[in-house]
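> What follows is the residue order along each chain.
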Amino acid sequence: MSKPEVAIVGIGIHPFGRTPERTGQEQGVYAVRKALKDAGVEWSDIQFAFGGSQAAGAADTMVSKLGLTGLQFINVANGCATGGSALFSAYNTIASGAFDLGIAVGYDKHERGAFRVNTRSHGLGDWYGKQGLALTTQFFGMKINRYMEKFDISHNTLAKISAKAFRNAEHNPNAWRRQPFSEEQILESDMLSYPLTKFMFCSPAEGGVALILARADQAHKYTKTPVYLNAAVVRSRRWGSFEVMAPWIALDDAAGPTVDTSKAAFEMAGIGPDDIDVAQLQDTEAGAEIMHMAENGFCEHGEQERMIQQGETEIGGRLPVNTDGGCLANGEPVGASGLRQVYENVLQLRGEAGKRQVPNDPNVAYTHVYGAPGISGVTILSK
Amino acid sequence: MGDQVPIEEGLFTWPSDSPKLVGSECQDCGAIVFPAQSGCPRCTSDNTETKELGTRGKLWTWTIQGFPPKSPPYQGDVDAFEPFGVGYVEIHNEVKVETRLTVADKEVLEIGMEMELTFIPLFTDDEGNEVITFAFAPLAS
Numbered sequence: 001m002s003k004p005e006v007a008i009v010g011i012g013i014h015p016f017g018r019t020p021e022r023t024g025q026e027q028g029v030y031a032v033r034k035a036l037k038d039a040g041v042e043w044s045d046i047q048f049a050f051g052g053s054q055a056a057g058a059a060d061t062m063v064s065k066l067g068l069t070g071l072q073f074i075n076v077a078n079g080c081a082t083g084g085s086a087l088f089s090a091y092n093t094i095a096s097g098a099f100d101l102g103i104a105v106g107y108d109k110h111e112r113g114a115f116r117v118n119t120r121s122h123g124l125g126d127w128y129g130k131q132g133l134a135l136t137t138q139f140f141g142m143k144i145n146r147y148m149e150k151f152d153i154s155h156n157t158l159a160k161i162s163a164k165a166f167r168n169a170e171h172n173p174n175a176w177r178r179q180p181f182s183e184e185q186i187l188e189s190d191m192l193s194y195p196l197t198k199f200m201f202c203s204p205a206e207g208g209v210a211l212i213l214a215r216a217d218q219a220h221k222y223t224k225t226p227v228y229l230n231a232a233v234v235r236s237r238r239w240g241s242f243e244v245m246a247p248w249i250a251l252d253d254a255a256g257p258t259v260d261t262s263k264a265a266f267e268m269a270g271i272g273p274d275d276i277d278v279a280q281l282q283d284t285e286a287g288a289e290i291m292h293m294a295e296n297g298f299c300e301h302g303e304q305e306r307m308i309q310q311g312e313t314e315i316g317g318r319l320p321v322n323t324d325g326g327c328l329a330n331g332e333p334v335g336a337s338g339l340r341q342v343y344e345n346v347l348q349l350r351g352e353a354g355k356r357q358v359p360n361d362p363n364v365a366y367t368h369v370y371g372a373p374g375i376s377g378v379t380i381l382s383k
Numbered sequence: 384m385g386d387q388v389p390i391e392e393g394l395f396t397w398p399s400d401s402p403k404l405v406g407s408e409c410q411d412c413g414a415i416v417f418p419a420q421s422g423c424p425r426c427t428s429d430n431t432e433t434k435e436l437g438t439r440g441k442l443w444t445w446t447i448q449g450f451p452p453k454s455p456p457y458q459g460d461v462d463a464f465e466p467f468g469v470g471y472v473e474i475h476n477e478v479k480v481e482t483r484l485t486v487a488d489k490e491v492l493e494i495g496m497e498m499e500l501t502f503i504p505l506f507t508d509d510e511g512n513e514v515i516t517f518a519f520a521p522l523a524s
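Protein sequences, first through last, are from chains Y and U. This note's numbering puts the first residue of the first sequence at 1, with every later residue one more than the last. This note's numbering puts the first residue of the second sequence at 384, with every later residue one more than the last.
The hints are simulated quantities; they were obtained by calculation from the structure and are not laboratory data. For clarity, every value in this text was computed on a predicted model and none was experimentally measured. Every residue gets a Cβ at the ideal spot worked out from N, C-alpha and C, and that includes glycine. It cannot be assumed that every hint is accurate.
[To be verified] Pair by pair, the computed Cβ-Cβ distance ranges are:
#, chain 1, residue 1, chain 2, residue 2, range
1, Y, D45, U, D508, 54 to 64 Å
2, U, T485, Y, T225, 51 to 61 Å
3, Y, R318, U, D488, 37 to 47 Å
[Stated by the list, open to error] What the simulated footprint calls covered on chain Y by chain U, stretch by stretch (three residues with Cβ under 8 Å from a Cβ of chain U suffice, anywhere in the stretch; the number is not a length):
#, stretch
4, 108-117
5, 143-153
6, 182-193
7, 245-251
Please construct the entire structure, taking both the sequences and the accompanying hints into account.
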């Protein structure tokens, strides 16, 4: 494995779900204060920040509550990869030698129901949304529908993904939906976008996460249990890939940005998929987790059917996936979602994940996000 | 009584006896996209020209929109909402186009089935015009 240059030395989270009494920004501030305490530092020690929210205002306004220390604070906006992009930027700021200690923060607060898409902000005409296209849920339904036919994935396997998410979340006090559902309940809930039912989709939600990063060679100043960032990569789509918010797709077929991002991250870390002990993969719906298992290199296309039926991605399985309940049980506050995955992996690597701790003392962990209009972010962490 | 008007000028030829979708074709590498745009996302050239697309293709994938989309942006009738089909149709040798489908029945829709272009009324605008958009229907056998 490559020699890490950057470590995560403090983590903080505001519970995900609905918190009517706090604004999105207040949830972000709450997460920052938790992370500072975890690292044993003061806000005035932080030299730089990258932060983002999609629907809850500019992150740099947090300084009015946290303290006007004059630090460099840069807002990040990159769809579902906002958190991943904040982390990527913070990682490079330390790796470049510009600063020694900084923070990546993300938070959000979305309205109820499916994401309301502003087609113009995606560079698309009004006609696209007016006629009832431009729904992220449609893309997910269409991608998994084709995938299920091509690679023989069953409806029951979709249901098993959701059942696992809610079961894992039962042991996560920061998760939103912590009530287990049976596979039958999941399959029989409202059909929102065939073949995906209501309980197979995550919902836009609220929450905040903050991570404090330091130079790897200084990490022990702050914590006995540093977690190293061996890779942080973000990529966008190439010609021929099939992406959300696409009025057309090229005739040629190409792999999506997740495949490129994953390969680059493994190369950067100098390891392969077999070295990963626990993974958090973007599961905006049950089909996404299935397809992302293969796109990230953890199995061949179609192999998921057997793996999931045999429980290989359960907490006690060969490759535990989405141990905190994922997006399905936590919801998706866009700015915070990618950082939540890293938060969970830090807990798992520290051995602090409580009842959802994966056994066998994990050493290497993986996160993956995917978002509109075809971007992906991956991190690889180790202890 | 108003007229029939297209949901957006330039998206398809209208009015016309046989309306067609209007995409663009790169004059350097031949890549076709829809709707028409000024740059080529395959070869990065800016030498593109509009092109009327074929009217038949194969259903590449599909879903059924089971709940009323948020309005705005959706302009269809939310109160009398009926689920509708959505899919990508691979127009022969040209491009895959995302489209509403005239069928919303999972027993009928099948990946690979032959489809053809049609036009459907979406809603009535403030001036009483019937707003028309494109859709694909299973090819009558």
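> With a C-beta cutoff of 8 Å, work out whether three or more residues of the stretch 108-117 of chain Y approach chain U closely enough for the coverage to hold.
Coverage by chain U holds here, the residue count being 4 at a Cβ distance below 8 Å.
> Count the residues of the stretch 182-193 of chain Y whose CB lies closer than 8 Å to any CB of chain U, then report whether that count reaches three.
holds (count 4)
> Could you check the hint for me, namely that Y/R318 and U/D488 are 37 to 47 Å apart, CB to CB?
Once the Cβ atoms are compared, 40 Å apart, the range 37 to 47 Å for U/D488 and Y/R318 holds.
> Take the C-beta atom of Y/D45 and the C-beta atom of U/D508, compute their distance, and say whether it sits inside 54 to 64 Å.
59 Å, holds
> So the hint says 51 to 61 Å: do the beta-carbon atoms of U/T485 and Y/T225 match that?
For U/T485 and Y/T225 the Cβ distance comes to about 59 Å; the hint holds.
> Residue count check for the stretch 143-153 of chain Y against chain U: does it reach three with CB-CB under 8 Å?
Holds, because 4 residues of the stretch 143-153 of chain Y bring their Cβ atoms closer than 8 Å to Cβ atoms of chain U.
> How does the coverage statement for the stretch 245-251 of chain Y fare against chain U, requiring three or more residues with Cβ below 8 Å from a Cβ of that chain?
holds (count 6)
Going through the hint list in order, the structure satisfies each hint without exception.
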